[in-house]
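Engineer: Chain A is already provided as a structure; the job is to place chain B on it using the hints.
Chains A and B, in that order, give the protein sequences. Residue numbers for the first sequence follow the numbering used here, beginning at 1 and rising by one. Residue numbers for the second sequence follow the numbering used here, beginning at 182 and rising by one.
Just to be clear, a hint being listed does not mean it is correct.
Stated by the list, open to error - Footprint (simulated), chain B over chain A, 3 or more residues, beta carbon under 8 angstroms:
hint, region
1, 75-81
2, 128-138
What the hints assert, rightly or not - From the derived model, a few chain B residues whose C-beta atoms are all more than 10 angstroms from chain A:
hint, residue
3, V232
4, E251
5, A264
6, Y279
7, V293
Just so you know, the hints here were simulated from the structure itself, not pulled from any lab data. Here a beta-carbon is modelled for each residue, glycine too, at the ideal position from N, C-alpha and C.
Chain residues, written in single-letter form:
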Amino acid sequence: MRKGIAITVIAAATALIALLAYGVASQSRDTSIEDAVAAGERIEAPEETLPLLGSGADGALADYRGQVVVLNVWASWCPPCIDELPLLQRTQRRIENRGATVLGVNYKDLPEDALRLVRRFRLTFPHLRDRDGAYAEDFAVLGIPETFVIDRRGQIAAVRRGPVNERWLARTLPPLLGGPL
Amino acid sequence: MRAMAVLALVLVLASAGAVVAAPPRASLPDIEDEVMCLECGTPLNLSNAPVAERERAFIRREIARGRTKEQIKDALVDRFGPAVLALPEDEGFGLAAYLVPILVALLASIGVFAAARRWRRPAPVAATARTTDPADARRLERELAAYDRGLGPPEDRPG
Chain A
1 MRKGIAITVI AAATALIALL AYGVASQSRD TSIEDAVAAG ERIEAPEETL
51 PLLGSGADGA LADYRGQVVV LNVWASWCPP CIDELPLLQR TQRRIENRGA
101 TVLGVNYKDL PEDALRLVRR FRLTFPHLRD RDGAYAEDFA VLGIPETFVI
151 DRRGQIAAVR RGPVNERWLA RTLPPLLGGP L
Chain B
182 MRAMAVLALV LVLASAGAVV AAPPRASLPD IEDEVMCLEC GTPLNLSNAP
232 VAERERAFIR REIARGRTKE QIKDALVDRF GPAVLALPED EGFGLAAYLV
282 PILVALLASI GVFAAARRWR RPAPVAATAR TTDPADARRL ERELAAYDRG
332 LGPPEDRPG
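Looking at chain A on its own, in the form it has when it is part of the complex (with noise of 0.2 angstroms):
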């Protein structure tokens, strides 16, 4: 009977540990998506079919494949991200007949709010909807505005933590757009 409770309270305390482990692990922060850029290699960009931000249908980043695609973050409640939609749009028209485009992810957003500011900047670069944060999740979001330019097989190819600027894409896109911005 007591060596039934002592495996009792062992087998208590050792998952007790485990779940301890497995909360302080889940909090630590992803940054393999940094660590491939680093070190000049490409991994697969994660892929989720999403709502499109003022439309019925759903979209995912693989239907661009085979362009060169500008993943934005952004949310309407975040100033910094609001700052970088006009150079984001300016950049679009810059890219857009070059086999590439930019794609917002719209992060925990109310919509209606997403697109008063799509009316408000013209934006015409199209929109996913990631209404709970899961796909940006699976980019180690951690704060927006944060930008990834995918190349044309789908890989990342540049990671930027924080707000965009003209000299970081006449930097990043030309090598694959093949030729200058």
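Structural biologist: Just chain B now, with coordinates in the frame of chain A:
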């Protein structure tokens, strides 16, 4: 005349029923503690993050449109997914959040009940076949008879 009175009574009862059946008017404090600020991972009423302000503004708009609490929560789930609810859904995997505590409480009750029964039950006495030696029995009888005659215990009797 009687028919009119019955009709009036039916109408009054029907309207009273409608009043009773009408759901209570939704309020921001009532909803705020049942939904999450998605970005902060805390209940909405504890957050001042920009996304929380947007959620609050949305709830206020929906209240102004006359939506009920459940309708507003459904609209929030439609926009943000089930993770926006502070309480898990009572279907699918979310049901586990309600069932597991009940199951644990049930198992604990069974354990306490079993332990209590164990503690209350007297420890089984080993069945010892304690037989009295006939000589000792006779001596005991004699001693008791002497005691009853007033001679007292053997050590007090005169030699």
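Engineer: Each hint needs a verdict: does it hold in this structure or not?
Structural biologist: How the hints compare with the structure:
Proximity of the region 75-81 of chain A to chain B, defined as three or more residues with a beta carbon under 8 angstroms from a beta carbon of that chain, is established by the 5 residues found. For the region 128-138 of chain A, the stated coverage by chain B is satisfied: 4 residues place a CB nearer than 8 angstroms to a CB of that chain, which reaches the threshold of 3. Residue-level check failed: V232 of chain B sits 5 angstroms from the nearest beta carbon of chain A, not beyond 10 angstroms. Distance to chain A confirms E251 of chain B as a non-interface residue, since its nearest Cβ pair spans about 19 angstroms, more than 10 angstroms.
For A264 of chain B, the condition that its CB be more than 10 angstroms from all CB atoms of chain A is violated, with the nearest at approximately 5 angstroms. With a minimum CB-CB distance of about 20 angstroms to chain A, Y279 of chain B clears the 10 angstroms threshold, and the non-interface call stands. Look at V293 of chain B: its CB is around 15 angstroms from the nearest CB on chain A, clear of 10 angstroms, so calling it non-interface holds up.
In terms of the numbered hints stated before, the structure departs from hints 3 and 5, listed from lowest to highest.
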